[in-house]
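Colleague: Here are the chains, one letter per residue:
2 protein chains.
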Amino acid sequence: MSETPTVRPARANAITTWDFEADVVIAGYGVAGACAAIEAKRAGADVLVLERTGGWGGAASMSGGFIYLGGGTALQKALGFEDTPENMEKFMTAALGPGVDAAKIHDYCQGSVEHFDWLVAQGVPFKEAFWGEPGWEPAHDEGLMYSGGENSAPFKDIATPAPRGHLPQMENKRIGEKGGGYMLMKPLIDTAESLGVRAEFDIRIQRLIVDEDDRVVGVVAKRYGDIVHVRARRGVVLATGSFAYNQEMIEAYVPRLLNRPAASIEEHDGIGIRVAQALGAQVAHMDAAEVAFFVDPQMVARGIMVNARGQRYITEDTYCGRVGQATLNQQDNKAYLVMDEQALEAALATESSVTFFRQPPKWAAETVAELESDMGLPEGTLQTTVEVYNKHAEKGSDPLLDKKTEWVKPIGTPLAGWDLREHTGGFTLGGLKTDLDSRVLHVSGDPIAGLYAAGRCTSGVCTGGYASGTSLGDGSFYGRRAGKAAAAQQD
Amino acid sequence: MSETPTVRPARANAITTWDFEADVVIAGYGVAGACAAIEAKRAGADVLVLERTGGWGGAASMSGGFIYLGGGTALQKALGFEDTPENMEKFMTAALGPGVDAAKIHDYCQGSVEHFDWLVAQGVPFKEAFWGEPGWEPAHDEGLMYSGGENSAPFKDIATPAPRGHLPQMENKRIGEKGGGYMLMKPLIDTAESLGVRAEFDIRIQRLIVDEDDRVVGVVAKRYGDIVHVRARRGVVLATGSFAYNQEMIEAYVPRLLNRPAASIEEHDGIGIRVAQALGAQVAHMDAAEVAFFVDPQMVARGIMVNARGQRYITEDTYCGRVGQATLNQQDNKAYLVMDEQALEAALATESSVTFFRQPPKWAAETVAELESDMGLPEGTLQTTVEVYNKHAEKGSDPLLDKKTEWVKPIGTPLAGWDLREHTGGFTLGGLKTDLDSRVLHVSGDPIAGLYAAGRCTSGVCTGGYASGTSLGDGSFYGRRAGKAAAAQQD
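So the protein lines, in turn, are chains V and F. Take the first sequence: its letter number 33 is residue 34 in the working numbering, and every next letter is one higher. Take the second sequence: its letter number 360 is residue 361 in the working numbering, and every next letter is one higher.
The hints are simulated quantities; they were obtained by calculation from the structure and are not laboratory data. Just so you know, these numbers come straight off a predicted model, no measurement behind them. There could be a bad hint or two in this list.
[Said to hold, decoys possible] Listed below are the simulated DMTMM-like cross-link pairs for lysine to aspartate or glutamate, each with C-alpha atoms no more than 25 Å apart in a straight line: (1) K396/V with D47/F; (2) K335/F with D333/V; (3) K179/F with E87/F; (4) K410/V with E380/F; (5) K179/V with D191/V; (6) K335/V with D403/F; (7) K363/F with D420/F.
Working from the sequences, and respecting the hints, build out all of it.
Modeller: See below:
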């Protein structure tokens, strides 16, 4: 990192000229930054957003757009799903850890209904339609789906299943244009602009500026090769995203993710985390990662997933991000999908948002023994896996992994195998430890004066597991908190 | 953490009285601190060690005493084992990651032979005897054994197997009295004292002291309720051990290890890491953990280990710490041992350092089907696992996990099962990122002036995997480096 500029804080008394000034300065104009800007401005602060690219949106506008919400949102109710904050909390506690921040999860669940209404009030559109089939996203523009394995083992028995993946209505399915992420961000940015939030683009932060009491009072940034100094009279909000594209940080914290970033953008270089660490900020769960698995969930649910020993290891009808995490973290990134012809035909007849993942199998065989041999698995391994699976499947049960009855069918012949080794990617979930007001905490435990953060530069509601929508969810939720808290600071 | 004292640095210009002064001030008198003290003193520095307990030793003197060394040490040669630094490096790179610090591993392997000779020169005794059976430690006072799975799959095919667990000769087997750890530490402390190293006990560090250039020039500590200020003219060496006993840090970084510390001491509260983080120090691999598995390796090698699905998941003849890591990290801490009567009798006839782990089985049965049912495993799972294992074992092979032929025997009847769920514990391996001179690195990438660290408050040669002896190994090796580097600083 010696070629990169220092992230050590600068001293305010050494700054002679302030190029920009505002009450609240926000670094990053993705979902956390936009929500912080709106709330800070509404609270009466003069707000300036610094964005390193040429436009707003961040990773959010490139994403699918899921926001993880529940507890009885208007959309859940309209579609006939019952949920409570307590029920949502049970699921999130069980599925997103280990090590979840219990206070943050509780707070998030309690505020979830209001947060949905707030998003709607800013103009984010949600279509009253439910997508109930396996998938990374709905096949069309439905507004609600299961996005975390809520209705699969083991969580279906821990909390009452309720879909919580809330998806802004897309205007077409091309992600990055008017996909769900764009349709989330556009209204938020429009709202911010209409309120008078100022934004400067092509400015990337490099260091924080502190006064003699170590209070954060601004940022040093770079614009077209020039250093600029930005004064923040009330506070600085870091909303700069993950460290998925910082190779040194990935090596130091999440080596399994090395060279496999996904669902992220190159600007996610961890700068927000590092400038705060330079002030003694506490970090948490730096090894946690969302894991994408490049496969069609419509196929996975209808087959069996086996590891390099030919053993089943994950409920196939769960959220495919869980399949990805189990594969990368617990199976050394080695996995195979096995399906018979009938199941494959059924899968191919379904709709899916990821039909491009429907690749032909690597192996096709007339018998399990033949497939096992072709796949190079030790003799007897896949055969006994299928034998045990079929024995129970004939009775519609799966005592090994408790796949739901609707997906449990004996595997016949002919059958095929897909090589899904190294088929994962992901982004990082670890980051700055923040309190419920999005204040950045020092390793001493108390907040760093003048410094706030939200989004994927913080450790949020996910500390181990993941559900689609939790990143835009806690980013937007705690982005709002950051904006409010920073604006409430006295000058 | 709000009740704990702040770890924010103090400013030197605010200190009016220095209670102690030395060229090099070392926090912690375990193995890293002792080695740092010896080298700093020999390099001409006036050295003061601050130890928070009433006596020297730290976790090292309570430990088994293994030091992981190789590349052709005098002891390896005397016992007929061939090894080279390159071969050792191949093993360590494969076994201790992912994400190993390649430069540190290379450096450590290159210096390993010299480091062994140095330990001998300080008076650490090693008996020229090899223990070749499975075990956590030798059954007697042998000086060398395999301690990382070097001679098991998959490493036996990656690097030429060589034992590298070097064990100081115990005077009796009671750990903490004259066990291996004591016999390592006693000569080191005697050497330090004979050189004139000063030590003050019952002093615990609380904060670092920095000058106007943010250079570390001392520590604030506490002794019997009083604050004391200690000036370090050349440098401060942090050698305060792991964070195994800091519950908040475990929650934030290694939640799987919550409430299960082992092979550690309560003083390991992460203070060295936190005072350096308050200065912007970089940390690395905070999720990594050594995992102890409370079981007799003589039994494990002779049986099969299965997970909660009745599936084998780890080569049973490997280092039992690897079995523990695989169990805790990849099998949700759920594992069972299955052995037939003949194998159990053979195991019980062996010598072992942990005969107290030889508990009676939880289940005994006449057939595999009966055992499977008694253990509550889904029908067919354990039966097919044993069936596939036996089919290959009859030919002396184990294509599933490549257990060595000598341990592969068909499982007959009667047989028994041991419930090894929640049978793990461990200590943390993550910590401060240091360079090859043990300088603590800032998140900017450059060293923090005046600050050095070694031992388990640093991220060392292990970033994911583990081998017995690597902690005392890199603690002593980089402790020496820290002492030399600190002493070489100009006043």
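Colleague: Would you mind marking each hint as holding or not holding in the structure?
Modeller: To see whether the hints hold, each was checked on the structure:
Only pairs whose Cα atoms come within 25 Å are accepted, and K396/V paired with D47/F is rejected, the gap being roughly 78 Å. Of the pairs offered as hints, the one joining K335/F and D333/V holds, with about 18 Å between alpha carbons and a cut-off of 25 Å not exceeded. Taking the CA atoms of K179/F and E87/F, the gap is near 34 Å; set against the 25 Å cutoff, the hint is violated. For the hint pairing K410/V with E380/F, the CA-to-CA distance comes to about 17 Å; that is within 25 Å, so the pair holds.
Between K179/V and D191/V, the direct Cα distance comes to roughly 15 Å. Compliance with the 25 Å bound is thereby established for this hinted pair. Among the hinted pairs, K335/V with D403/F is consistent with the structure: their alpha-carbon atoms are about 17 Å apart, no more than 25 Å. With a C-alpha separation of about 6 Å, the suggested pair K363/F and D420/F falls inside the 25 Å cut-off, and the hint holds.
When each numbered hint is compared with the structure, violations occur for hints 1, 3.
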